[in-house]
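Below, each chain spelled out in residue letters.
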Amino acid sequence: MARAGSFVEADNAEAIITRIEHKSRKIESLLKQYKPVEALKTALEGTYAMTGDERCKSAHWIAVHRALMAIKDVDGMLSSLDPEYYDILMKYLYRGLATGDRPTCDQCLRIHEKLTEKAGLGCILRFLTDTVNTV
Amino acid sequence: MAVTAVHQLAQCITCHAWSADRSMVALCPNNSEVHIYRLVEDKWEKMHVLQKHDQLISGIDWSARSNKIVTASHDRNSYVWNLERSEWVPTLVILRLNRAALCVQWSPKENKFAVGSGAKTVCICYYEQENNWWVSKLIRKRHDSSVTCVSWHPDNILVASTSTDGKCRIFSTFIKGVDAKDPKNESRFGELIVQLDLSPSWTFGVKWSPSGNTLAYVGHNSVIYFVDDVGPSPLAQNVVFRDLPLRDVLFVSEKMVIGVGYDCIPMVFAADERGIWSFIRYLGERKAVSSGSRYGSQFSEAFGKFYGQAKQGGSNDASETSRTRGVVHENCINSIIPLSRQGTQIRRFSTTGLDGKLVMWDLETEQDLLELLVH
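Chains as they are written, first to last, in my numbering: chain A, 1 to 135; chain B, 1 to 375.
Hints are all accurate, no fakes.
Simulated coverage check for chain B against chain A, where a stretch passes if three residues somewhere in it have a Cβ under 8 Å from a Cβ of chain A:
1) 212-222
2) 228-242
Pairs of lysine-lysine residues, derived as DSBU-like cross-links and limited to a Cα-Cα distance of at most 30 Å, are as follows:
3) A:Lys118 / B:Lys255
4) B:Lys167 / A:Lys57
5) B:Lys141 / B:Lys176
6) B:Lys141 / B:Lys181
7) B:Lys109 / B:Lys120
8) B:Lys305 / A:Lys72
9) B:Lys68 / B:Lys109
10) B:Lys305 / A:Lys114
11) B:Lys305 / A:Lys118
12) A:Lys35 / A:Lys57
13) B:Lys141 / B:Lys184
Just so you know, the hints here were simulated from the structure itself, not pulled from any lab data.
Even glycine gets a Cβ: it sits at the ideal position worked out from N, Cα and C.
My request is simple: use the sequences and hints to build the entire structure.
As structure tokens, this is what we get:
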């Protein structure tokens, strides 16, 4: 029974990784067109539907990280981002901060400050308390 | 201003309850005693001190008609206090718990009361006339973690309970001999009617609307959950809000809820004509201040340190760090109790918090909210 279950999951994971790769290509093209905000939106879209095992989460993080690092105008980005993405963005910011890599942390910290102003402490709390949908 | 009175009655208040005529309030000043105060000519006088529990009293409820006080404590016991002449006489209720009792509430008919415990169970206690004592019946189906709050449905049978496992469960507490048999509602004692799994985090403060059709409870993830048509196919709504989580809620009408919690100011939520709930506003002056100082001095310093790295030492508005937010409660508000009803609507209520203040609120001064209430 367990065997059958994991076989199905592996399949699913492959499908998810393919979709993420597809998204990454879209993100790359958007970045080449100097549209970092669009790129980030693409990266954040549908993340919940695509949560799988660690590999999927890593693949997703790489795509989001790419888009995050390309953002220069944080205020502009946040004002055009749909409020429903605030919570998921906050989760990725903390993942970024956890990497310990200097440029990533600098960028994430910069965005974190502005996002907290916009979304409030509740957004941070939703990241802290959600142990089910982790990124 | 919606605040009508602010009283500093203790250093810290865990819970409170009012007498039927609202002339006396029973509260626990964060120890094992219950202090009963009476308002005498603008001053609060301590009338009684009820000492029987060994540990912190986590819940107090004062029944309106039978004038009994029930207390639940971390010492795993519950006492029902009766006023005999001018003394409050306790009767021990053996709950058969091996963990702390965390919350208690009298049923609408006041013939039963529900206790939520750290033993992951809810006990329903009722009075057995023949033996002249209160019997406790445990609901067999357990939560997966501590039960933080219990609330009775107006029909005196259903009880909703929230827990730190994130779920809200509704049980039937039909007891033969205590409850009248209802042909429409053939449920057994302890039967799980609905299990709501809406929150990934701890849940608190469950309350039923006056008609019993809607249920509201809060999660520790700064979300408040509204469930309409509680039954086999409930309609759930999450209202996400921007600030710190709530601890308790109160239905002031069928369509308006006041939530209180870690932000120290009550929040008003209301449902529009389509039944969609949303956050309306705060019930108090929230000064519109710039980012650094809005959270008060402690947060400001923390944020300053946090962002100081990326900002090359340019910390936030150091001069405004000591500005107070002009709020009434200075610490988390942990309970909200109605003071007066007008039909099924509540216009006045009281809140107590960890700062030891008892604050009375009146919605009469809030014109915009009154308009919402009327519809």
